[in-house]
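Taken in sequence, the protein lines are chains A, B and C. For the working numbering, add 193 to where a residue sits in the first sequence, where the first one is 1. For the working numbering, add 1 to where a residue sits in the second sequence, where the first one is 1. For the working numbering, add 2 to where a residue sits in the third sequence, where the first one is 1.
Hints should not be assumed to be uniformly reliable.
These stretches of chain A come out as covered by chain B in the derived footprint (C-beta under 8 Å, 3 or more residues) [claimed, not checked]:
hint, region
1, 266 to 277
2, 283 to 295
3, 582 to 592
Hints are computed from structural coordinates only; laboratory data are not their basis. This structure is a prediction, so every number in the text was calculated from the model and none was measured. C-beta atoms are modelled at their ideal positions from N, C-alpha and C, and glycine is treated no differently.
The primary structure of each chain is shown beneath.
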Amino acid sequence: MKTPNKRLRIVALLALGAGLAGTLSACSASTTTSAASATTAAAGGTYTLWDPYPNRDATSTWAVAIDACATQLGITIKRNSGNTGDTVKDLTTAASNLPDIAMVDNPKVSTLADAGLLTTAAENGLDVSSISANILSAGVLNGETYGVPVGANTLGLYYNPTVLAAAGVDIATVKDFASLTAALQKVVASGKKGITFSAVGTEEGTFQFLPWFWGAGADLTKLDSDKSIAALQLWTDWVKNGLAPNSVLQNTQGTSWDEFKTGDYGFAENGSWFQGDADTNKWGVIQVPGVSGGTAPAPTGGEFITIPVQKDTSRYATSAKIVECLTNGSAGATALGYVAPTSAGAQAQAAATTAGANAFWVKAVSDAKPRTADNLGTNYGIISEQLYTAMQNALSGAMSASDALKAGQIAVDAKLKK
Amino acid sequence: MRKLRAGTTTLIGVVLTAVMLFPLYWMVNVSLTQPTMLRKDPPSLFPFDPTFDGYRAVLSQQGPYLLTSLIVGLGTVALTVALSAPAGYALAKLRPRGGGTVSFIFLIAQMIPTIIMAMGFYLIFNSWGILDTPWGLILADSTLAVPFGVLIFTAFMSGIPGELLAAAHVDGAGPWRTFRSIVMPISRNSVVTVALFTFLWAWSDFMYASTLDRGGSLQPITMGIYRYIGNNTQDWNAIMATAVVASIPATFLLVIAQRYVAAGVTAGALKD
Amino acid sequence: MRIAKTTNTVDGDDVGRVTGQAGPVTRTPRTRSARLPSHLVAWAFLAPVVLYLAVFYAYPLGRNVDLSFRDYTLRSFIDGTAKFSGFDNYVEVIHSPTFVPALTNTAVFTFVSIAFQFSIGLALAVFFFKKFPLAATLRALFLVPWLLPLLVSASVWAWMLNSESGIVNSGLEHLGMHQINWLTSPQWALVSVLIANIWIGIPFNLVLMYSGLQSIPGEVYEAASLDGASKWQVFWRITFPLLRPVSAITILLGLVYTLKVFDIIWIMTRGGPGNSSVTFAIWSYRLGFGGGSPDLSPAAAVANLLILVAFAFGLVYIRMQRRLVEL
Numbered sequence: 194m195k196t197p198n199k200r201l202r203i204v205a206l207l208a209l210g211a212g213l214a215g216t217l218s219a220c221s222a223s224t225t226t227s228a229a230s231a232t233t234a235a236a237g238g239t240y241t242l243w244d245p246y247p248n249r250d251a252t253s254t255w256a257v258a259i260d261a262c263a264t265q266l267g268i269t270i271k272r273n274s275g276n277t278g279d280t281v282k283d284l285t286t287a288a289s290n291l292p293d294i295a296m297v298d299n300p301k302v303s304t305l306a307d308a309g310l311l312t313t314a315a316e317n318g319l320d321v322s323s324i325s326a327n328i329l330s331a332g333v334l335n336g337e338t339y340g341v342p343v344g345a346n347t348l349g350l351y352y353n354p355t356v357l358a359a360a361g362v363d364i365a366t367v368k369d370f371a372s373l374t375a376a377l378q379k380v381v382a383s384g385k386k387g388i389t390f391s392a393v394g395t396e397e398g399t400f401q402f403l404p405w406f407w408g409a410g411a412d413l414t415k416l417d418s419d420k421s422i423a424a425l426q427l428w429t430d431w432v433k434n435g436l437a438p439n440s441v442l443q444n445t446q447g448t449s450w451d452e453f454k455t456g457d458y459g460f461a462e463n464g465s466w467f468q469g470d471a472d473t474n475k476w477g478v479i480q481v482p483g484v485s486g487g488t489a490p491a492p493t494g495g496e497f498i499t500i501p502v503q504k505d506t507s508r509y510a511t512s513a514k515i516v517e518c519l520t521n522g523s524a525g526a527t528a529l530g531y532v533a534p535t536s537a538g539a540q541a542q543a544a545a546t547t548a549g550a551n552a553f554w555v556k557a558v559s560d561a562k563p564r565t566a567d568n569l570g571t572n573y574g575i576i577s578e579q580l581y582t583a584m585q586n587a588l589s590g591a592m593s594a595s596d597a598l599k600a601g602q603i604a605v606d607a608k609l610k611k
Numbered sequence: 002m003r004k005l006r007a008g009t010t011t012l013i014g015v016v017l018t019a020v021m022l023f024p025l026y027w028m029v030n031v032s033l034t035q036p037t038m039l040r041k042d043p044p045s046l047f048p049f050d051p052t053f054d055g056y057r058a059v060l061s062q063q064g065p066y067l068l069t070s071l072i073v074g075l076g077t078v079a080l081t082v083a084l085s086a087p088a089g090y091a092l093a094k095l096r097p098r099g100g101g102t103v104s105f106i107f108l109i110a111q112m113i114p115t116i117i118m119a120m121g122f123y124l125i126f127n128s129w130g131i132l133d134t135p136w137g138l139i140l141a142d143s144t145l146a147v148p149f150g151v152l153i154f155t156a157f158m159s160g161i162p163g164e165l166l167a168a169a170h171v172d173g174a175g176p177w178r179t180f181r182s183i184v185m186p187i188s189r190n191s192v193v194t195v196a197l198f199t200f201l202w203a204w205s206d207f208m209y210a211s212t213l214d215r216g217g218s219l220q221p222i223t224m225g226i227y228r229y230i231g232n233n234t235q236d237w238n239a240i241m242a243t244a245v246v247a248s249i250p251a252t253f254l255l256v257i258a259q260r261y262v263a264a265g266v267t268a269g270a271l272k273d
Numbered sequence: 003m004r005i006a007k008t009t010n011t012v013d014g015d016d017v018g019r020v021t022g023q024a025g026p027v028t029r030t031p032r033t034r035s036a037r038l039p040s041h042l043v044a045w046a047f048l049a050p051v052v053l054y055l056a057v058f059y060a061y062p063l064g065r066n067v068d069l070s071f072r073d074y075t076l077r078s079f080i081d082g083t084a085k086f087s088g089f090d091n092y093v094e095v096i097h098s099p100t101f102v103p104a105l106t107n108t109a110v111f112t113f114v115s116i117a118f119q120f121s122i123g124l125a126l127a128v129f130f131f132k133k134f135p136l137a138a139t140l141r142a143l144f145l146v147p148w149l150l151p152l153l154v155s156a157s158v159w160a161w162m163l164n165s166e167s168g169i170v171n172s173g174l175e176h177l178g179m180h181q182i183n184w185l186t187s188p189q190w191a192l193v194s195v196l197i198a199n200i201w202i203g204i205p206f207n208l209v210l211m212y213s214g215l216q217s218i219p220g221e222v223y224e225a226a227s228l229d230g231a232s233k234w235q236v237f238w239r240i241t242f243p244l245l246r247p248v249s250a251i252t253i254l255l256g257l258v259y260t261l262k263v264f265d266i267i268w269i270m271t272r273g274g275p276g277n278s279s280v281t282f283a284i285w286s287y288r289l290g291f292g293g294g295s296p297d298l299s300p301a302a303a304v305a306n307l308l309i310l311v312a313f314a315f316g317l318v319y320i321r322m323q324r325r326l327v328e329l
């Protein structure tokens, strides 16, 4: 007697759930189509765009910038977002069913291009002539261009003036590695904490280490050079001597910024995307110094807009127009808080003092260097993995800086030989 | 005297539960901590001057995700029990030739890396047209639980006395009726156990959701959390608040289910 | 009347089960195969699940095996033109400097996790089996950690174990002890992920062992208490032996699940620092999509080694079942 009754209840429950789901999906579907119906009126069709910004919802400036392009071109753009760490996995999985446009963290472009997932500018008809060369080069592999940067960000050295004043540090005296270390010692002596950064065992860790690595004059093709060892020794000593917290081994850049936000730290290495936050708190920023003065080249960050391979090649023309709409001028970049990829766009931003694209960051980006530069291409991923592994080994005390980097270079050689 | 003893036991139980749930308290604490205090050293045990920004964001945005998770969870439970209970019964009591191999394959099948499974499903679902739908997710999530279900049903159903089934047979019940009216009712315990874990796995799945329901209009709560993760930033208040908000209705479900089981066992003892 | 189940029928059942598996020759003819041949009925019950197995598992499993015996790059993965390379990937993996740490870590992680999860889970199951106010509610609350997305629970543990701002270190310092770099020192990283994983696994063991206790008929205890056995004796001589079948499947499933634990370690330490908390599951992902360049074939080879380990444990389980019957 009891069973059919219970089954009925379950069925009812499921039906109720499905009904509710139906209303909901109808609801959310209607919002997307209403935006679409306005645009499909022209000629259009629907184009899909994958980006790594799940936190930017339909009302964000970024979504608005995309919608504007859709309206302008008379098409519908269906956008969806995934985690930036999963881009290669997601696109590989979807190899039979690729989106029209995929936004990819710049060091991944060469990997995806090498896998045959992306089209070249020659194939899709993209005009890349106005894009700043130092940013564009991350998308160039064997002479072919596989995408354009939506914009660029880079790293700088933020400081907390209150902490520095209390410790008696004048920011103008921070000119090279030694004077920075001296400043950190003063801050720590005043009872505060020195510097926070991210040395996590991922690409993010390498990204954060590169200013110091390049600033010391080291080269990614030779991880175990003396200059490279000196750079890693700098970080290792900071952690060992308490000038940087042990948590840097775990910190993502977001976590590191949370540490800086406590107001306990004198310095933080972090990205242009936090400039808005720094403005509110009246924190300053300088470029990372070189080993003996000058400024260190920081790596360029930011995503490339790529056009993955389609069965229907007639779609490329419109996709290219979408890409051009997002990259010409500074609309896309400003929406994301990046420095525009064209020098005209960047100048416009600097004049308007967009946070993250103010005059300071425009200059910093023009000094910056893509990670896959020096013709590293797909080898960059292999080298980077060994570099952050070496960092983790040295900073955790498992190995000395030189042993860690030597082991790293051996692993790189073994892989590249294959 | 006896009452006092029961009271002490309850007290010990409460303390043990509190220790077990301390990380959850910490999650609540983080969800309420001002962003500037998140990484304070030493941390505050209690969120003085709490912020409710995370909760505001969650309550206004996460409703649809929660409902999808609920549908996917219940759907996965229904599918899993429907597939694995008969199989468990067959393996435990009807013992077909080659049955051992089937359970063995299930054991092995669970070891296939989820990422490989997800890539396989993508191809299958794409051709079936169920990518980005809750139905696809139910199918995929059930693969997390069906092997478990088969093995658990086999283990528990092999304890059902053979005399009982033989008696049913003598009464003229066919195999399907025996299964439905004898085996299933007395296996209620294992049904609930399997249902419970199936629900929990489906509820917390992320790999399948992020691969197979990337662009769907109905996404589960694990994807809802994504809304607070940028390419360089994480909004911890909102992430933790989502976890808190999401676990409240499900906790009620669990407590009710547990009470139901306890009641069911007593009722079962009086039945027949 | 509650369905009485004696130790005899359990044993008798298992004998039938094992002999059934041993081969058709030793199988005793059954009386209930009146209308349909019993193996047809059995396969009818199994048919849906076998179909399901074929559709959803065969392809991924086959693909994983294929991956490990060819030399796939991302490109050949997509266009399907990889060269057959025999056992090359396995040889490469076994000679890798990561192999030994991954092997030892996997073994330590699995066995320590299981030992603690199972014993704590069993103790709690026995504890909650006593009738006391709130028992059912508290037991349900033990499951709440499972409701959290692993991203959240692993992040919370990483938060609590953080070197600088973690509550655990703050507590240690209050007690006059030194800060421990839980997640960032080679000595402690594996311990940290073990603690978190044991925590996650307790509810699973608690629920299964509790169900096991529930399926032991009350009469057994009544008989024992008439004999004047102490509680301790009852547990070790009666309860524990009767729990063996459930314990065996719980431990087996625990082994399988622990072997493939991925999210907790990945979020907390990423297998680091260096290789100090790397396990096979982590290593496989690192090689596949978690590192700088996708090495799909070696990743699949590592995953297949794990499948082999699970295979071995499965054989041990079947052996154990057989021995249980002989006892």
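Here is how each hint holds up against the structure:
1. 266 to 277: It holds: at least three residues are needed, and the region 266 to 277 of chain A offers 6 whose Cβ sits within less than 8 Å of chain B.
2. 283 to 295: n = 6 at 8 Å, threshold three: holds.
3. 582 to 592: Since three or more residues must qualify, the claim that chain B covers the region 582 to 592 of chain A is violated, with 0 doing so at under 8 Å.
In summary, the structure is inconsistent with hint 3 from the numbered list given earlier, while agreeing with all the others.
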